[in-house]
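Protein chains in written order, with this note's numbering: chain A, 1 to 351; chain B, 352 to 638.
Simulated from the structure, these hints should not be mistaken for lab results.
Some hints here could point you the wrong way.
[Unchecked claim] Short derived list, chain A residues pointing at chain B, Cβ under 8 Å:
#1 S5
#2 H176
#3 R177
#4 R198
#5 K242
Backbone N, C-alpha and C define an ideal beta-carbon position, used for all residues, glycine too.
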Amino acid sequence: MNLESIREEIDRVDTSLLNLLNERMELVLAARRHKARVEDPEREKELFEGLENRATPLLSREFIGRAFGEIVRESKALQGREHRLIGFQGEHGAYSELAAQAWDGGLVPMPCPGFADVFERVESGLYDYGIVPVENTLGGAVDQVNRLLIRSDLRIVAAVELPVHLCLLVLPDTNHREIRAVYSHPKALAQCRMFLNRNRLEPIHYPDTAGAAKMLSEERPRGSAAIASEACARLYRLDVLKENIEDLDRNVTRFVVLAREDGEETGNKCSVVFSTEHKAGTLFRVLEVFAGEGISLTRIESIPARPGTYAFFVDFLGSIREKKVKDALERAKKVTSRFRLMGCYQEVKVP
Amino acid sequence: MKNLKLATCNGRPNKRTVIQVGGVRIGEEFVVIAGPCSVESEEQTIGTAIKVKEAGANMLRGGAFKPRTSPYDFQGLGLEGLKILEKARRVTGLPVVTEVTDPRDVTWVCEYADVLQIGTRNMQNYSLLKEVGKVQTPVLLKRGMYSTLKEWLNCAEYILAGGNPNVILCERGIRTFETYNRNTLDLSIVPSIKEISHLPILVDPSHGTGRLSIIEPMSLAAMAAGADGILIEVHCNPCEALCDRDQAMPPHMFEGLMGKLKRLQRTLACLEGDEAIAGGRASLENH
Chain A
1 MNLESIREEI DRVDTSLLNL LNERMELVLA ARRHKARVED PEREKELFEG LENRATPLLS
61 REFIGRAFGE IVRESKALQG REHRLIGFQG EHGAYSELAA QAWDGGLVPM PCPGFADVFE
121 RVESGLYDYG IVPVENTLGG AVDQVNRLLI RSDLRIVAAV ELPVHLCLLV LPDTNHREIR
181 AVYSHPKALA QCRMFLNRNR LEPIHYPDTA GAAKMLSEER PRGSAAIASE ACARLYRLDV
241 LKENIEDLDR NVTRFVVLAR EDGEETGNKC SVVFSTEHKA GTLFRVLEVF AGEGISLTRI
301 ESIPARPGTY AFFVDFLGSI REKKVKDALE RAKKVTSRFR LMGCYQEVKV P
Chain B
352 MKNLKLATCN GRPNKRTVIQ VGGVRIGEEF VVIAGPCSVE SEEQTIGTAI KVKEAGANML
412 RGGAFKPRTS PYDFQGLGLE GLKILEKARR VTGLPVVTEV TDPRDVTWVC EYADVLQIGT
472 RNMQNYSLLK EVGKVQTPVL LKRGMYSTLK EWLNCAEYIL AGGNPNVILC ERGIRTFETY
532 NRNTLDLSIV PSIKEISHLP ILVDPSHGTG RLSIIEPMSL AAMAAGADGI LIEVHCNPCE
592 ALCDRDQAMP PHMFEGLMGK LKRLQRTLAC LEGDEAIAGG RASLENH
């Protein structure tokens, strides 16, 4: 190992340390939701004892005490301030996180392992908001999310349309000639199918795009690359080998923001979900109501709810403060079963 | 010539190949491809690109992978250079021509560039020719510095036979007993190619002469000889160029050259008009 490669390793460890510190602060904020007060001397004592007992020849008890003293001080300072938390599925750098920041840059994005965790953590009050993708121009509807939306009582308080630009990320100083395998979410890989074919690269499925970037950075598999957002390059110290490798240049994902209560601002768009009886013309009668009021529908999605029945998602333009929308909702309720207004909200389009 | 099934006119002298690159139609209009010999930095490349665009160039050239005579010379920025060229295209809108030297790089260079250049030293690199034959990106095939017309067209045949119909030829000077200039620019090859091949042919007076003072007269001569365009090395600061410093043209000189080319083009059009009239009269007199 020469000095240069040792320094490269040091930089890599520092990046991991920073990411771990960030993760610790996220947990600290989540813990605050369960605590009546910030101060907890008992827990603090326990924490320091546990850490100091793990001293090594390189890490003295005093150093551990000093380093964690600083970390705990900052943690308590963070707990002392008001934070609004928004859960998203995936690792940092995920497109859901970018969408959350586009909606409100003041929120603290909190990574969650699965979509169901996003819903649960908002429902339980651990987080204030959740953001989930509902559809993509290339990949279609996100079934898992729509299934969760049927059962959930959470309100849709905003929607975000985010253009998705995929980047080919590699470890620093990777020779492009050596790349063989490309890790990413199956949908992202599918969106770059022609690019991968042209360059004879093998697609390898990974649960999420940002997770693939993180894995590449930490495990450093040989001859590999990841497809993820440009933000992941900064987060995980990777190089962008090629930007915008998606096969279609217009690739947009639509996200919805969920909360326990309706938002305060006036919406211009509404989402409803309902089921209909299994009889001829029942769906038509619902749509007829909207047509009769001159309301423009922007999305209709049907997904199997229980055996034999379907749930329909309908989005339309309009505000619940308008009379024609109120009337339409009243009348639609009468010709459907389990009709629910999921929210009236503003939609943000990211350029 | 019997093996030149695709590169020659094959009894159809009026059918000429036109290659569309961005908004440029090579083989139909006179194209001027200008830019630095090699991509040295973002600032130098984009600075030069803006200057040549303002002067009226149609395309940008710049080398990222450089085949250099000495292993100690600047070897180019590689893929990093391609990223800079891509950015220069975004800024100026000029399509990008860049050299590919290794068969393993062909598909990657296609991701960033609009035209692949095969340099003079690689004209007969058959594995490289086969690789560029597999893609559809246009290929600018420079003439080998020791090659005959027939050898050159055979190399074009490799690319065409491989399945890529978009081949552009480029004369860049050959080695002769003359040593005053770096090479001897063989302009007689231009009308010769036009006689037997349907492929567009460009001229590179920068490498063809290696001497700044005679690039302009040879550019004008290339146009007069019927070339479909020229390649000119322009550097925003020639004294600091990392390669081919003696033939790098400063932007103000390039602007002057563009002005003269435009005037010559009008003159040539008049000349052709006269000929057409004269030809018409001749045919009338025959009756």
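Let me make sure I understand: some of the numbered hints might not hold for this structure. Which ones are they, in numerical order?
Of the numbered hints, just 1 does not hold.
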